[in-house]
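A.B. asks: Residue numbers (this note's numbering), protein chains in the order written: chain A, 29 to 243; chain B, 29 to 243.
Some clues are possibly wrong.
The list treats identical chains as one, so a pair stands whether inside a single copy or across any two.
[What the hints assert, rightly or not] In silico BS3-like cross-links for lysine-lysine, where the CA-CA straight-line distance does not exceed 27 Å:
| hint | residue 1 | residue 2 |
| --- | --- | --- |
| 1 | Lys46 | Lys109 |
| 2 | Lys231 | Lys93 |
| 3 | Lys47 | Lys207 |
| 4 | Lys207 | Lys127 |
| 5 | Lys220 | Lys118 |
| 6 | Lys219 | Lys207 |
In case anyone wonders, no lab produced these hints; they're calculated from the structure.
Number of protein chains: 2
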Amino acid sequence: MIVRKKDSNSLVHDEVYKKLRDNILYGFLRPGDVLTLRGLASEFSTSVMPVRESVRRLWSEGALKLSVSGRISIPTLNSDKFNELIRLRKIIETELAVKAMPRAHKALIDRLELINGKMEFFAKSREASLYIGANMEFHRTLYLRAQSPVMLSILETVWLQLSPTIRFGLSENWNLLDKNEHDYILKALKKKDSEDLSILIDKDVSICENLFLLF
Amino acid sequence: MIVRKKDSNSLVHDEVYKKLRDNILYGFLRPGDVLTLRGLASEFSTSVMPVRESVRRLWSEGALKLSVSGRISIPTLNSDKFNELIRLRKIIETELAVKAMPRAHKALIDRLELINGKMEFFAKSREASLYIGANMEFHRTLYLRAQSPVMLSILETVWLQLSPTIRFGLSENWNLLDKNEHDYILKALKKKDSEDLSILIDKDVSICENLFLLF
DNA sequence: GAATTTTATATGTGATCACAAAAAAAAATT
DNA sequence: AATTTTTTTTTGTGATCACATATAAAATTC
């Protein structure tokens with residue numbers, strides 16, 4: 029029997045995908061963690077089919093690792109891969125920020141300031157997944173203005189690959205977040221200084237570089 | 029019954045994925061073409077299951093479009109999306125080329141020259157899918173030296189999204205390929221001039237921009 | 001004859017099953 | 001006690017089925 033949410037066209041495999049993705053994105057799964065189709069299926073109270081489809085999807089996004097025998101786990105990044113992903117963040121995010129800048133009017137900057145305040149609060153209170161969520165929301169809100177859906181979705185797969193590693197690097201390095209680059213980013217946005225903006229986005233991403241831990 | 033290739037650990041869904049991907053990549057499917065699970069299953073003489081998994085995978089790579097009701101088709105690009113993909117090619121390919129350059133020794137350049145000759149032949153003989161294949165091989169061979177697997181795989185999904193549109197733009201614009209930028213790229217590689225190399229890669233990708241046709 | 005309704009077919013989704021192969025657990029051996 | 005072998009359990013894959021719904025075809029109405 030096909031189970032659909034009432035009065036909605038959402039599909040089970042898509043719901044499972046979103047839940048699983050968010051668990052990875054907000055740091056509820058650590059690198060190396062092992063998952064099983066049947067385990068996930070019973071956790072999300074469904075059959076294995078929708079889980080299979082969402083696992084296949086997350087795997088092709090680099091968010092999950094499949095062993096040669098198909099065993100599912102959260103990837104552990106070596107430093108080469110980590111640096112590559114950081115470099116990708118820098119390239120794509122500076123591109124998106126510069127493209128968004130001309131369309132970043134007062135209303136948007138106000139919203140960014142609000143999100144930024146929220147993020148600073150979560151940094152102080154050491155709430156990792158809320159901090160990560162607010163940080164991503166800040167960047168995402170800005171980049172959405174670039175109106176470059178393909179780039180944004182690629183960036184999101186990059187985030188997805190970095191998240192578990194950064195999340196657990198964070199637990200032991202909260203002090204790294206003491207100074208908040210976002211304030212300077214907002215200033216550059218107000219001044220419409222794209223040169224500065226590029227450099228600052230690059231710098232902001234650089235902070236993450238120090239969160240790398242070997243597992 | 030599970031059907032595996034003898035003495036090999038290749039899986040059916042992976043084989044189906046590769047075949048379907050190559051059909052898209054080498055231009056055997058045009059934008060708008062409609063596919064069905066059962067149709068593909070019988071074409072590849074398998075059941076729908078492996079096809080479902082590979083279609084889901086190609087869809088998440090942007091190579092296939094799924095309608096709200098799940099109907100499968102080859103995406104048609106509007107000019108915004110096309111330009112975004114071209115921009116992505118430029119950003120990622122210049123990055124990879126520059127990173128590959130220090131490791132591009134004589135043996136590699138010799139191989140690139142060989143591939144380039146092949147490509148020029150297929151351009152003259154107007155064999156579109158062979159031309160596309162040789163062109164991709166040229167770029168891929170160079171970029172492999174950058175040893176950046178994540179970037180390369182992202183680039184490949186970008187190619188996958190552009191392929192069908194470019195392929196059928198090509199049929200009516202062979203003349204655009206008269207002058208071959210690859211020769212200059214090879215010169216820059218020999219001179220180890222990364223400044224020049226960036227510009228030339230950018231230029232080479234630009235040629236594709238003119239192959240955009242509305243369907 | 002064109003537009004609308006009805007019927008029939010095709011298609012994607014989710015559930016379930018069998019099976020091979022990989023892990024894990026248990027038993028036997030050294 | 002540690003290692004090897006055997007047995008059991010777990011797990012992913014591929015096949016098949018039922019079903020809802022979207023699309024196509026046929027019939028009906030105006």
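A.B. asks: Hint by hint, note whether the structure agrees.
C.D. replies: Results of checking the hints against the structure:
1. Lys46 with Lys109: Both ways: Lys46 and Lys109 sit 25 Å apart in one copy and 25 Å across, limit 27 Å.
2. Lys231 with Lys93: neither (30 Å within a copy, 37 Å between copies)
3. Lys47 with Lys207: neither (32 Å within a copy, 51 Å between copies)
4. Lys207 with Lys127: The answer is within: 26 Å in one copy meets 27 Å, while 32 Å across copies does not.
5. Lys220 with Lys118: Both ways: Lys220 and Lys118 sit 19 Å apart in one copy and 25 Å across, limit 27 Å.
6. Lys219 with Lys207: within (21 Å within a copy, 43 Å between copies)
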